[in-house]
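S.K.: Sequence:
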Amino acid sequence: MPKTAIAKVFMTGRSQAVRLPKAFRFKTGEVRIRAEGSRVILEPIPMDWDWLHDLHAMGPLDDDAVLSAKEDFPIQEREELDVFK
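If you count the sequence shown from 1, position 21 lands on 21 in the numbering used here, and the numbers rise without skipping.
For the record, the hints were derived by calculation from the structure and aren't laboratory data.
Fair warning: there could be bad hints in the mix.
[What the hints assert, rightly or not] DEER-style ranges, computed between Cβ atoms:
1) K3 x E80: 44 to 54 Å
2) G37 x V9: 10 to 20 Å
3) R25 x D54: 30 to 40 Å
4) R34 x M58: 14 to 24 Å
5) T12 x V83: 27 to 37 Å
6) I6 x H56: 33 to 43 Å
7) F26 x L52: 17 to 27 Å
8) W51 x R19: 22 to 32 Å
9) D72 x F10: 47 to 57 Å
10) V66 x R25: 30 to 40 Å
11) K22 x D54: 23 to 33 Å
[As the list claims (entries may be wrong)] Under the rule of at most 20 Å between Cα atoms (straight-line distance), these lysine-lysine pairs were calculated in the PhoX-like manner:
12) K3 x K27
13) K22 x K3
14) K22 x K8
Here the structure is a predicted model, which means the values were calculated and not measured.
Backbone N, C-alpha and C define an ideal beta-carbon position, used for all residues, glycine too.
Modelling step: build the complete structure from the supplied sequences, incorporating the hints.
M.R.: So this is what it looks like as structure tokens:
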């Protein structure tokens, strides 16, 4: 895949869209979008569990991470919001 290319920006209805060159097509149905300064970065959202292999390759989790993943937090009681009335 090339590192850079030019893409067309266009309007579809009231939304702005970008036509990605073929070399930059995603193999997933959703992407995560974030801004870094003036840049807009698109990242594929994994549709499978392969990302767990990457996490495992980083080494063992510390005890705090393991305990917090196993902890069953109680449902919080909160006041009703006036917004929905």
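S.K.: Please go over all the hints and tell whether each is borne out by the structure.
M.R.: Against the structure, the hints:
The hint said 44 to 54 Å for the Cβ distance between K3 and E80, and at roughly 52 Å that hint holds. At roughly 18 Å, the beta carbons of G37 and V9 sit within the given window of 10 to 20 Å. At about 22 Å, the CB distance of R25 to D54 disagrees with the hint of 30 to 40 Å. A hinted range of 14 to 24 Å holds for the C-beta pair R34 and M58, which are about 21 Å apart.
Separated by about 31 Å at the C-beta atoms, T12 and V83 satisfy the suggested range of 27 to 37 Å. Between I6 and H56 the beta carbon distance is about 38 Å. The supplied range of 33 to 43 Å therefore holds. At roughly 20 Å, the beta-carbon separation of F26 and L52 lies within the given 17 to 27 Å, and the hint holds. Evaluation of the 22 to 32 Å hint for W51 and R19 yields a pass: the beta carbon distance comes to about 28 Å.
Take D72 and F10: their Cβ atoms lie about 48 Å apart, and the range 47 to 57 Å holds. One distance hint, 30 to 40 Å for the beta-carbon pair V66 and R25, holds here, with the actual separation near 38 Å. Our hint of 23 to 33 Å for K22 and D54 holds, since their Cβ atoms are close to 26 Å apart. At most 20 Å may separate the alpha-carbon atoms for a hinted pair to count; K3 and K27 meet this at roughly 18 Å.
At most 20 Å may separate the alpha-carbon atoms for a hinted pair to count; K22 and K3 meet this at roughly 13 Å. For the given pair, K22 sits about 12 Å from K8 by alpha-carbon distance, which is consistent with the 20 Å threshold.
Checked against the numbered hints given earlier, the structure breaks only hint 3 and satisfies all the rest.
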